[in-house]
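Under the UniProt record's numbering, think of the first position of the sequence shown as 1, with each following residue one higher.
Honestly, the hints are just simulated from the structure, not real lab data.
Just so you know, even glycine gets a beta-carbon here, dropped at the ideal spot from N, CA and C.
Among these hints, one or two may not hold up.
Claimed, not checked - Derived Cβ-Cβ restraints for the label pairs, each shown as a range: (1) Arg-25 with Ala-53: 20 to 26 Å; (2) His-35 with Arg-11: 36 to 42 Å; (3) Glu-61 with Pro-34: 28 to 34 Å; (4) Asp-33 with Gly-56: 35 to 41 Å; (5) Arg-25 with Val-5: 23 to 29 Å; (6) Ala-53 with His-22: 40 to 46 Å.
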Amino acid sequence: MPTAVLTDHQRAAVQAYLRLLHTVRASFDGLPDPHRPPVVPTAALAEADQALAEAGLTGTEEEFFELLAKWCA
1 MPTAVLTDHQ RAAVQAYLRL LHTVRASFDG LPDPHRPPVV PTAALAEADQ ALAEAGLTGT
61 EEEFFELLAK WCA
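Could you put together the complete structure from these sequences and hints?
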């Protein structure tokens, strides 16, 4: 399998996305509580958005997910 060499900005975007993904998964773990719906912190969303923008990947989801697949095989 070919190895992808990411730029620092691309790596930061992938890492921010993975942190966001883990946060979302954690929010859905456990028993559901009807009084407290799962919430993803706005800081996690903001970090991912900023990292994607800095990497030039805003609006290029296909390219981003290709990078993600290569980096996290």
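Cross-check of the supplied hints:
{"no.": "1", "hint": "Arg-25 with Ala-53: 20 to 26 Å", "in the structure": "holds, 24 Å"}
{"no.": "2", "hint": "His-35 with Arg-11: 36 to 42 Å", "in the structure": "holds, 39 Å"}
{"no.": "3", "hint": "Glu-61 with Pro-34: 28 to 34 Å", "in the structure": "holds, 33 Å"}
{"no.": "4", "hint": "Asp-33 with Gly-56: 35 to 41 Å", "in the structure": "holds, 39 Å"}
{"no.": "5", "hint": "Arg-25 with Val-5: 23 to 29 Å", "in the structure": "holds, 28 Å"}
{"no.": "6", "hint": "Ala-53 with His-22: 40 to 46 Å", "in the structure": "violated, 21 Å"}
Hint check: a violation occurs at hint 6 only; the rest are consistent with the structure.
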